Structure formats: C-alpha cells, structure tokens
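A.B. asks: Listed below, chain by chain, are the residues.
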Amino acid sequence: MASRRGRIRFNVGGKIFETTATTLANAGRHSMLGALLDDSWNPRQPAEGEAAEAEYFIDRNPACFAVLLDLLRTGELHVPPNMPEKLLNREALFYGLLDQVRAARWGPFDGNRLQLVDSVSGRAPGDGTAIRAGPDGGCCVAHGSMVHVYDWMLEEHRPISLDYQQVNDVGYIDAESIVISARERLGKGDGGMGVFSSSTGELRHRFRVSHYDQVKSFTAGALSLGSSDYKIFASCKGRCNEYGIGVWDQITGQQVDFFYEPPGCCLGDADKLQWLDGDKCLMVATLFPRTDNCFIGLLDFRDKSVIWSWSDAGTSVSLSLDEKRVLHAIAIEDSRSICVVNQYDDLGFIDLRSNAGGVRWSSRSKLTNRKAPNEESCYPKLATHDGQLFSSMNDGISVFCGPERVLTSTLRRSYGGSICDFSIGGDRLFALHSEENVFDVWETPPSPII
Amino acid sequence: MSAQKKRNFKIEAFKHRVELDPNYAERTWKVLEHAIHEIYNHNASGLSFEELYRNAYNMVLHKYGEKLYTGLVNTMTGHLKEIARSIEAAQGDFFLEELNVKWGDHNKALQMIRDILMYMDRTFVHSSHKTPVHELGLNIWRDNIIHSSKIQTRLLDMLLDLIHRERTGEVINRGLMRNITKMLMDLGSSVYQEDFEKPFLEVSASFYSVESQQLIECCDCGEYLRKAERRLSEEIERVSHYLDVKSEVKITSVVEGEMIANHMQRLVHMENSGLVSMLVDDKYEDLSRMYNLFRRVPNGLSTIKDVMNSHLRETGKQLVSDPEKLKDPVDFVQNLLNEKDKYDKIISKAFNNDKTFQNALNSSFEYFINLNNRSPEFISLYVDDKLRKGLKGVSEEDVEVVLDKVMMLFRYLQEKDVFEKYYKQHLAKRLLSGKSVSDDTERSMIVKLKTECGYQFTSKLEGMFTDMKTSVDTMQGFYASQYSEIGDGPTLAVQVLTTGSWPTQPNAPCNLPAEIHVICEKFRTYYLGTHTGRRLTWQTNMGTADIKATFGMGQKHELNVSTYQMCILMLFNSVDRLTYGEIEQATEIPPSDLKRCLQSLACVKGKNVLRKEPMSKDIAEDDAFYFNDKFTSKFIKVKIGTVAAQKESEPEKQETRQRVEEDRKPQIEAAIVRIMKSRRVLDHNTIVTEVTSQLQSRFLPNPVVIKKRIESLIEREFLERDKADRKLYRYLA
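Note that the protein sequences, when read in sequence, are chains A and B.
Quick note: the first sequence, position 271, residue 453 per this note's numbering, numbers continuous.
Quick note: the second sequence, position 264, residue 303 per this note's numbering, numbers continuous.
Hints listed in this document are in silico derivations from the structure and should not be mistaken for laboratory results.
Since the structure is predicted, the reported quantities are computational estimates derived from the model, not experimental observations.
Even glycine gets a Cβ: it sits at the ideal position worked out from N, Cα and C.
Incorrect hints may have been included.
Computed list of chain B residues with no C-beta within reach of chain A, every gap over 10 angstroms [stated by the list, open to error]:
no.: 1; residue: 124
no.: 2; residue: 221
no.: 3; residue: 486
no.: 4; residue: 508
no.: 5; residue: 555
no.: 6; residue: 623
no.: 7; residue: 677
no.: 8; residue: 719
Here are the simulated BS3-like cross-link-like pairs (lysine-lysine), alpha carbons at most 30 angstroms apart as the crow flies [said to hold, decoys possible]:
no.: 9; chain 1: A; residue 1: 268; chain 2: B; residue 2: 444
no.: 10; chain 1: B; residue 1: 444; chain 2: B; residue 2: 384
no.: 11; chain 1: A; residue 1: 268; chain 2: B; residue 2: 169
Throw the hints in and build the complete structure from the sequences for me.
C.D. replies: Below, the structure written as structure tokens:
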C-alpha cells in the first residue's frame, strides 16, 4: 500500500492521469493544482484504501493537460505539432502555469544560438518607425501614429492610436505600460510623452516639462529607460529653444531633472539615448542634426556636465557622398568604447577613455557586397547584449563576439525586405522589416538537458 | 443564370447574435456566493474546488470580472459585519479570544476564497489595477473589525491593560497577545503603529515616569539601576515575545528616557550611593551597570565622566597637597600609582575600556600631579628607591611593570626637565656608591626615557654609564702599570667623570690623608700621561672608603665610610682626642658636611666609633671627639652611613629650582631663534604659543620668562622690534 501513497489521480475531460504529489508540488501553492490539493479543500484525509479510488475531475482539455503535466514532471516543454500555441497558453493560464511555460519555452539570450520562432505580420503598411522589446518578452511596434503592442505570447493587444501625431519613439516599460514620445503639432498643444495602458490602449499619464515653473508643450524624441532607478530619459525640443534632455520618474510620473543643451552639443535633437548603469551617465547621440555635425556625448546629471564628447565637426568639412558618415551609435560599457556604423556598414569604435579620439574604422567591405543594387536600403542599426554586438544591414543582422569583434553569426530571413529596426530584450530579439509590416522573433532554445 | 433564379433561395444570416443565458452570470455568482457563505460557516467540505474554480474562471472569461469582484467585496463585507457583531458581544476577557478565533477563521476563509478566485486575481485584478483578493480581505477586516467604533478602543484598552498587568507581575496569555499583535502587523505597519504602538508607548512613558519617581525616592543608586536594568530587559523580552521587532528601539528609548535620562543627575549625585561612593568602594558591578545604562541616553556617559573627573581631581589634589603624605616620597608616588591602578581597573572592568574615560583619567592625573611642583623629584626618588633595593628578589617582568607604571606618571609631568635633573643626581649617587641593584634595570629605565623624550634627554645619562665603564678599564690599566711601585699601600678606585654629564658641584677638595694623597698623585700622573690635555679634579665629597680598624679589646672591624669620614678617622690614628675645630682645620671639610659626618660617626647607636663630649645629638663648634675604645659590633663589617637628607631640604630645593630655571633659559632662547629663523616676522603672542608648543614635551615655559628671553635676544641683536608695529619682531640674520 505504501507505493500508493502520494499518488494522485486526475480525470481531465474524461482521460485518466496518474501522478505524484511531488510532481504537482512543482506547480506551486499559488496555482490551480496547488490549491486543488491543499488541505483546506480536502478536509478529510481519505483512508488508505480510499486513496486509490479518489480522483479529481477537471473539465478541461486532456491533451493540453498532458503537455503541462509533462512540463511539471521534467521542466521541459514539448508541444505536439498539431497543438496551437494559443490553446496551450490558454490552458496554462487556467492552471496558473503560464510562468512555468514561459520559462521553459526559451532560454537565456545568446546571439549565436538564436532560432527564428515566429514572424508576426500586422495590418499596417511597411515603413515602421521603431520596434522595442520589453523585459518580459513582449514588444511594441510604432507605425506612424499607431503603436501595436504584443505580449510575450505574441498576442496583439488593442493598438494605441495617437490621433495622427507622429510617434518618434516607444518604450516597453512592463506588461501594462508603454511609454510613447510624439511630435508636437503647431497650435494643438499636443505631442510630448505619455504612458499608455497596453491592455486598453488608454492614456494613463502624461509627462510634463516645466521651465521656470511653467508647463510647456514640447516634442519628445528618443527615449531611454533607466535600468535600476526607474527613470525615463527623453530628448526634448521646446517651442522657445528649450532644448535638452528631460528626466522623469517612472513611478510618480513627475519630472525630476532637465539637462539644458550647452552650446556646441545638440541634445534636443538626439536620435539615440542610452543609460549607462556602470558609469551612471547617459549617452546621447545626435546623428541627423539640424547642423552638419554629428555629436555623441556622455552626460552626468549629478553635476550637469558633459563628461565626454565626440563630434565629426573637423572631418566633415568637405562632405562628399563618399565620406564615411556615422549613422548609429551604441556604447559598450565593458570595453569602454562607443561603437558606430556608417552608410557602408563599416563598424567603427571611439575610445571613451580619451576625450579627443577619432573613429577607428574596421572595414568589412566584403560583407557589404550583398547589397542588391535596386533594393531600398535602411539605415543600419546597432545593439549590444552581454558583450555581443549586433548590427543590422539590409535584410540581415550580424553578430560579433569577443574583444576583436569577430563575426560569428548572421540572422537572415528570406522576405520582408531590409530591416529598419531591431531590439533585444526579455531574452528575445525582434527585427522589424521595412517593406512588409512583419517582424521576426528570435529566441535561444532552452539548453539541452544532457 | 436562370437556374439560379429558379432555385431562388438563400441562406439567411442569423438575425440575432447567439447569446449566453442572460441569467448565466447571476446564477454562477449565486453558486460562488453560496460557496463563500459555506466557507465562512465552516461548511466547505461539501464544496467542489474544481467546480468553483471553473465557475469563477468562466465569469472572468465572459467579462463578468467586475461583477465577480464587487460581489466578493459585498459578500465579504457582509460576513465581517456579522463577525464584528459577535466579537462585540463577547464578554470581558473572552473578547480577545473571540477576536483571535475569528481572525483565524477569516484568514482560512480568505485563503480558500483566493484559491477559488485565483484566475480573477491573475487576470482581471491585474489588468484593471484593483486590489488583489488577499489584500482586499485584510482591508475589509481592518475597516469593519479593527476600526469599528465598538472594537477599536476596547481592543486597545485590553491590550494595554494586559501589558500593564504583566508589568505589575501577573502572568498573562502571551500566545494570545502575540496572535493579536501579529494580526495588527499583518494588516499593515500603519495599523500596528496607529492602533497599538503609539498609545502603547504613551502609556509606557507615563507608567515608567511614575515608577521611576517612586523608586528614586526609596532606593539607593545601585538598587535603582538594578531595577532599571531589569525593566529594560523585561521590555526587550516583551518585544521578542509578542511585539514587532521594530518596536524594540522605540520602547527601550521610552524606558531609557523615563528611567535614566530624567533622573541622571540625581542618580549620579545620590548621597552615599551615587557615582562617587561607587568609585571609592570599587563597586565594579554597579559601575558597569551604570555605564551600560547611561550609555543608552544622550549625555549619559559625559555625565558619568564629568563626575568622575571632578572627584578624581579632588582626591588627587588632596593626595598631592596633604603635608602628611609629602613626608615620604616613596609612599607619595606609591599612592599615586595605587590611585591610577584603581581607576585603570574601574575603566577596564566597568567602563568597557572606554577611550574617552581613559582620556579623562589621564587629563585628571596630569592636572593634579602638576599641582605639586615636587612631583618630579618624588617620582625620581621613587625610582631611586626601587632601583636601590626595592626590586631585589623581584622578577624582571615585575620590574618592567613597575618601571612602566612610573613612566606613566612621568608622562603626566609638565616639568620633565626638572625630573631629568633629579634623576641625574639620583643616578649619579647610585652609580658612584655602587648601590644600583641591576645594570640592566637601569638601562631599561634609560631606554624608556629615551623612547618617551628622545635622544637628547638621555644622552648625558648614557654618558654616565660610559664613564663608569671606562673608569673600570682605566683602573685596571693603572694597577697593571704601577703594580711594583704601589706595593702594600691603600687600594684606590677612581671613577673619572666627564664634566657636564654628572651633577657635580664645584667643591673644594678636602685634605686627604698622606697615604691616600701619594697614591692619588700617582694616579693623576698616570692618567694625565695617557690622556693629554685633560684636567682632573677630586670630588672628595662623593667617594667612599673601606678602612680596617682595631679597637680596645683587640677586635678588628672593617668600616665602610665616606671619603670625608675616612679623612676624619685617619686623624685618630695618631691621637685619641680632637676638637671640632682641630678636625675642621686638619681636613678642610665644609662645615655642613663635616657636621653630618661627625654626627654619623659619633651619635648613631651601634656605629659610634667616636665618642663625643658632651654627649648630645647635635654637633656643636666646641665639641671634642675621642676614639671609642669600647666600640663593639657583632658584624665584622660595619657600614657607617652619612646622616643625609634623602629628600632635598628647602634651601637645596630652591637651589635646584634655580638651576633648572637657569638651564631653561638657553632652551627657550634656542626655540625662539629656531622659530624666528623660519618665520622671519612674528608677533609676540604667536611666538609665545609656538615656543610653548615646541617645549611642551620638556616643560611648560612661563610667558614672562619668554618675554624676558626675547628682550635679551633683542639686546644681543638676534631680533629687532618692527619700526611700524611694536608688537612685531623681526629676525636679524
């Protein structure tokens, strides 16, 4: 009889399953199965003989239950090919096992082991503005004045519509909140920045900028979310030359700081902001400025100083078409450098340790041969993750590793046109294509058990 | 085309949407509501979890989340209102029991309700930003039970009453208390603080205010502190048993404030039992208790410290100024050392070796040791005493301990140069008379002084040791070279002392007996022959001699006497009677020394090798002395000491002081010149402070003296006064 102890029998939708209490304990007390077996719902301990007869009936899909029970037994998720993912997710949500499913589905991000798991196409025409990954595996895509939000199951939520205001940038704060920066339209007093609910698409909070205690309308450009201290940074252009970088608190929504643009540094027009957690400073890159000069700087908000800066002012006097022009930049904190890319997809590096250094270009011209002559190309983009450097060019993304930045992988898919933006977050990589409204989802498969 | 017309039927679209049973939501909710009722009525065994979960799931799935949520709020509120009534109805002590039981029930029910509504909690509550079920249950309990007007004050009163009863010695149900306070904490820290902790602290404050008032009237200080300590540990224990950990700091600060801080002055100054009497009686336990309790309150330790300080200064002042105690320098220093030991022990045993207390102790000692300007002399005498005889049979480590203690006192001295003077004198006496117990100990003392005050302080003392050593060599050389010539004459031992290293007084040498004079001259020729360009002066006042004497009955004795005494006794080789005047004339010994010598030869019982006429204690100018035929002693060797004041007499003291002052002058001048050389221009006050700080390690210069030295330097054109500002001095290179 002892062998029977701890065994539990289920009848799910008519199919009998037998498992052990230990296996079910993996579900946790705060799951449907945990509650079902809890003493408070089983006041009378069944006698030994009865135990074998007692079974729990659950009026659900048995096939999905089998998959989830297997997940609890082994920690691995194996979905039969004929089972739609949505179905499985729905069942997992019923049992309160969605977190386990999410954890089992894909592993920690590794640029060299990525697999294409999905391509999601939307209704909008091409030419997306931006795609941003969220920390939980969801993402949001900006098209013109619309932002589409997808949760980690890649279910599309109600789109956020901004009444034809041009969206400049978006940020995926968490599963519930999306921050959007938009262009101000003359005379309308709109634009600026707001947090929207991703489930209802409604505006939850609007970020204000006040100069000398007066609230002003403004155009918000690039966004950056501070990683540890719940701050939001945005480049701001006010009506009366109030250019600079604003800082808000994600929790309270209040403006906490404003970095006014010092002469010679274009901050209000910045195209790329990146918060550097180690140095406690913000990288600002203005690459398509009103003036002719690109500018990259590191801002320290504590004493309002530009602690490092670079500009192509000297080099681009004779700006010809052949001139190498910096089109995107990303700071790599580990190697104390900023990586930039030009119109020929050459990577370049600027040393953060010296203030007046130039760009050290590393040519990779042989890779750029692939460019089809008539194909509409997009500006290249850069990203880093865990020491790996990602660079988009045309319809592929190259992965570079190690201190020498060796090309180790290329991510490419056959249709959709060139990649206009991509983003890494929540252990996923999202790549948005420009010609068709489709984005790819790349994941690292879970590590094999053996 | 025609065929189509013929058939002429079409599939009609449904005119209405397929709708759910309109009563579906209501019916499902009824099931769930019923289940909630059953759960509250302890009737859950008949319920099927799976069915309830599925129902709740379906309601959320069909967008009835809002209905489900408000239904839950209403049902739960209804139940808790009912529970509130039953708690209100509980009589007396059963009130808390009832509350506790119901709280347990509610928690259990809440857990089950949350299980049923888990899906709603995960999805609807999350996306519509509502309060999760568990928190909701706690909030409703708080609003309907704890904050119900009939319960809130009653609960508080009962809790406070129980604590009061426990404080007065009753045994209460701590388990129940713990459950209730735990409930308040679970409801949120603000509930615990507002509904319990704040009033608890207020009541405690008034309780301890009254109790401390009563205690202080009837207890002595030690007893009061014992009680306060017990109260404090009781409160800490109470917190650990049934209050929030965070309350500990708050309640202890209340007890500290009421029982200690408010009565601090009174406790410390309590007649016959306060701090002073604890210190006097070495009550380590009480002192330690006081320290530990007072440490908890602001200014507590400084209060203890101040009182200890003033007491210490008072007793120290008595110690150094009481004429009775000044009689014996050794006792005087020993008393100081004992006092220091006593307080060191108190600080280490009771005051946790607190640095600030040690500093206070040091400053007090420094204060009162320097009140008596004979302290340097006495300390040197103490060392002298120890190094002469006191340390015989004592192990080396113990010697070190004693010396270290003396060094401690030495550190307190401001006039270290005076000490040096005396030490030199005493060391010279020890060395010359060969009375030093151990060379190692002497040297270790010198090393200590050197580490304390630097090379220059001890260089002369070290010179004295060198002289002693070279003298031994010289004497060996002398006898080796002159052996044949000397023959059987008296043996001479000469110590050649470098002038300046030794505290010699220019003293006219006395007339030596002829036998001695001859050999002295031989030595002089030998010494000056080996060391050209030197001058030898005989310091007859510092020597000793061993002479053999035969007395009337034929018994022979070896007499150990001073050089002066030897000269006197040798006179009696030829005659038996001499008058004072004759002796003085023959020897030319200075009168004061002569009197002392004669006194020790004629008036000390058992050592009276001379007889004086008339018999009296004191020596008069017209006394006559006889060789004492009848002298007997059971020792072969008789040591005849000189009646010498160990301690300096008043005029000697004055003289030493004067010499010290004289020695200070060049030091002060050197300091002034050093300072001015580097600073070029300086005003008077700055010079005085700088000079004082430079010389502090040796002595505390008097500003008046400094001024005089400056004037002297101006006269000698080292400095000049500034022409514009008379207060400024200028260095002249």
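A.B. asks: Would you mind marking each hint as holding or not holding in the structure?
C.D. replies: We went through each hint and held it up to the structure:
The claim that residue 124 of chain B is not at the interface with chain A holds, since no C-beta of that chain comes within 10 angstroms of its own (minimum 25 angstroms). Look at residue 221 of chain B: its CB is around 20 angstroms from the nearest CB on chain A, clear of 10 angstroms, so calling it non-interface holds up. Distance to chain A confirms residue 486 of chain B as a non-interface residue, since its nearest Cβ pair spans about 55 angstroms, more than 10 angstroms. Against chain A, the non-interface label of residue 508 of chain B holds: every CB pair exceeds 10 angstroms, the least being about 68 angstroms.
At roughly 91 angstroms, the least C-beta separation between residue 555 of chain B and chain A is larger than 10 angstroms, which holds for a residue marked as non-interface. Under the 10 angstroms C-beta cut-off, the non-interface status given to residue 623 of chain B relative to chain A holds; the minimum distance is some 93 angstroms. Every Cβ of chain A is farther than 10 angstroms from the Cβ of residue 677 of chain B; the closest lies at roughly 92 angstroms, confirming the non-interface assignment. Consistency note on residue 719 of chain B: stated as away from chain A, and its beta-carbon is indeed over 10 angstroms from all of that chain's, at 43 angstroms minimum.
A distance of roughly 88 angstroms separates the Cα atoms of residue 268 of chain A and residue 444 of chain B; the hinted pair therefore is violated under the 30 angstroms criterion. A distance of roughly 14 angstroms separates the Cα atoms of residue 444 of chain B and residue 384 of chain B; the hinted pair therefore holds under the 30 angstroms criterion. As the CA atoms of residue 268 of chain A and residue 169 of chain B are separated by approximately 26 angstroms, the hinted pair is consistent with the 30 angstroms bound.
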